[in-house]
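Next come the chains, spelled out residue by residue.
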Amino acid sequence: MPRSTLLLILPLLTLAACARKPGQVVSGPEFQKSFQEALIEAKPGAVIELPEGKQDVTGTFSLTVDNVTIRGKGMDRTVLSFKNQKTGSAGLLVTSNQFTIEDVGFEDTKGDGIKINGATGVTIRRVRTEWTGGPNEKNGSYGLYPVQCKDVLIEDSVVRGAADAGFYVGQSKNIIVRRNRAEGNVAGIEIENSEYADVYQNTATQNTGGILVFNLPDLPVKGGQFTRVFDNQVVNNNQDNFAPKGNMVATVPAGTGVIVMSTNHIEVFKNTIKNNQTTNVSILSYLTTGKPLNDKGYDPFTEAIYVHDNTIAGGGDAPVGQLATALVPAFGKPLPAILYDGVVDPSKLTKGHLPDDARICVQRNGDAAFANYDAAGGAKHMDRTMAHYDCALPALTAVTIPAGGPGSAGGQ
Amino acid sequence: MHGRWGGIALLFIGLTLLAGCSKKVRVFNDDDGFPDNLSAWGLFVGKAADLKPNEGVVPYDLNTPLFSDYATKRRFIWMPPGTAAAYRPDDVFDFPVGSILSKSFSYPGKGLIETRLLVRTKNGWFGLPYVWNASQTDATLQMAADPVRVNYNNVEFDYTIPNANQCKGCHEKAKTMVPLGPKARNLNRDLAYADGRANELAHWTQIGYLKGAPAIAQVPRAAVWNDASQSLDARAMAYLDVNCAHCHNPQGPANTSGLYLTYGQADPLRLGFSKVPVSAGKASGDLFYDVVAGHPEQSILVHRMESTEPKILMPELGRSLVHKEGVALIREWIRSKGRS
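Read top to bottom, the protein sequences are chains V and G. Anchor point for the first sequence: position 141 equals 345 in this note's numbering, and the numbering is continuous, going up by one each time. Anchor point for the second sequence: position 171 equals 178 in this note's numbering, and the numbering is continuous, going up by one each time.
Among these hints, one or two may not hold up.
[To be verified] From the structure, some residues in chain V lie toward chain G, with a derived Cβ separation under 7 Å:
#, residue
1, Lys-237
2, Glu-241
3, Ser-266
4, Thr-268
5, Gln-289
6, Val-351
7, Gln-352
8, Asp-368
[Unchecked claim] Distance ranges between label pairs, derived from CB positions:
#, chain 1, residue 1, chain 2, residue 2, range
9, G, Asp-202, V, Lys-287, 52 to 60 Å
10, G, Gln-305, V, Lys-287, 25 to 33 Å
11, V, Gln-567, G, Glu-339, 58 to 66 Å
12, G, Glu-163, V, Gly-337, 24 to 32 Å
13, V, Pro-226, G, Asn-140, 19 to 27 Å
14, V, Lys-290, G, Asn-160, 19 to 27 Å
15, G, Asp-240, V, Pro-424, 21 to 29 Å
16, V, Gln-228, G, Lys-129, 26 to 34 Å
17, V, Lys-287, G, Lys-59, 39 to 47 Å
18, V, Lys-287, G, Glu-332, 27 to 35 Å
19, V, Lys-290, G, Lys-54, 32 to 40 Å
By construction, these hints were calculated from the structure, which means they are not laboratory data. All values reported here derive from a predicted model rather than from experimental measurement. The beta-carbon is built from N, C-alpha and C at its ideal position, and this holds for glycine as well.
From just these sequences and the hints, can you work out the full model?
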């Protein structure tokens, strides 16, 4: 090889390598490739900085490296638009531990916005996921979606337009969801089959249902319990339900504030729950949904629920859905602000009552009316006497998230 | 200065010559980095696009393969001399460090598109997508390749080359990368080798690539999905196992769904019968159950196999076209469950 040729080639190679530094994510047509390459090549501890601007992307992103931070310039300044997405489902799929994402917006993903599966240590901060066309059953299911995770912090984030749940934490443990805004989703915030969750200082508005704490059958992780819902604003959740029919949340009537279903040890307190047209607070069993139950390892009964010191006003004036409308002849309008279906585990009753530590307790919620409409007994023993439920349960302990690596949340 | 450049040039030429003369398969690992060119591995000899296996590189085939947009797939395996995979009856074999699995995807008229290597180093398995150049002389490692426009049977579509992370999307079990195809039940079949037809497991044992296999009669055998002489149940289960169960198993990426389609799954609920969808969203297509016995048209499983829309389609990765024959098989299977 002539020496001169070599001399020519070397600077060219250097030039090519300099065009984009390894791990650097660039704006424009190369955004997608440079971001995905940065995610693949990241080493633990890496911070991937996303540039300002609206980026048009066509595929899904994924991360499998532990202890990586993705950081944009702001949820409205660094925006990934998936309007033309051709492949994949979620916008971003993460399966690694100690993950942090902050200051970025995801728009119009075909499937979920950001899904984190099986991770320990998840921090989502000032992130927006939104379907920009407003409520539509063709929107993706979940905005921010940690599932089977441990130590999850979601704060100061926004989700709009999810056709299932905006904020959805499923089958997880040790969770803080705080200071977020859920708007125009079917379910605003849903804690499902999870334990030890604190949900506070969030605003849930214009969803079909504001905040849902559910425990559902047929899932590998069951036994949701120990969740505190407090200091939230749950107002005007009157959006028509736009979930596809087969979905669990398709059963949620428009105008629902807070629902607690088939889960145990839940404390709902100091929230402002207003103007939800069907009912402000529902305490239900999965059995009341009329869905089939084939899962023998599932406990459908709702126990140890403590609803206290909430500010509840308005709502119940235009109930939607079979169940709620069936109650109108008995209760008139507005429906009682706190509705309990009265379904109890017969094997736990002593002289017709649940043991003290499994009771449903409702107290100090201002003027809010209450009714047990006795769904199991065919509404024969409706009970509107709140004094029968005037009891207290021990306060649940605050969730703390252990400090770990840079991706760790660091507790409250 | 001049002396240094000259030295580098000589070294460079020397290396090139060495590579050119080498006839053996080379092993690379993640600590030192993987080569940019497929040819560096030395898996094939002669004209690159012919995929003529080098010494010790053994072709293999599966009873029921994953559907990959009707691509033609050619599979090869290589193990370091003197090493062998340990037999397992139900799971993928335990392959020795240094093992290389190679799968090449092509279409008539288009030629080779990509060759995926699965390489076992002392740190585990690594998935490496090599993309063929237009002149079909070599393939280069691209961790996040662009889609390729393909025309198959007069249908134009974007063939997606999975990026290195998406490899893990299918190949992860309990968060560890594993091969999927080379399981006893899928290799228990005959193949035409250069020296005649033989059972693949018997052949591997004979050449020293497999130890601990029982007599072939004792080895499980997955059905051939499109062999109508075999039972419908067995064919459907083999198809679901290979096309779905890499994610839909209790330790796979879709374990959150509770739908488990692994070979031998006997619980109807886990197979989706009368199981309500949990997080399917619009992918449920307004249907109420994963599978309704006797009613493929009411089964979300079929709906998602028949879709090509991102978010709805299953499998999520590696499919842009509908596998019509596969859908027909699963439809027939679900219909048959209404008669029992």
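| query | What are the numbers of the hints the structure violates, in ascending order? | reply | No hint contradicted; all consistent.
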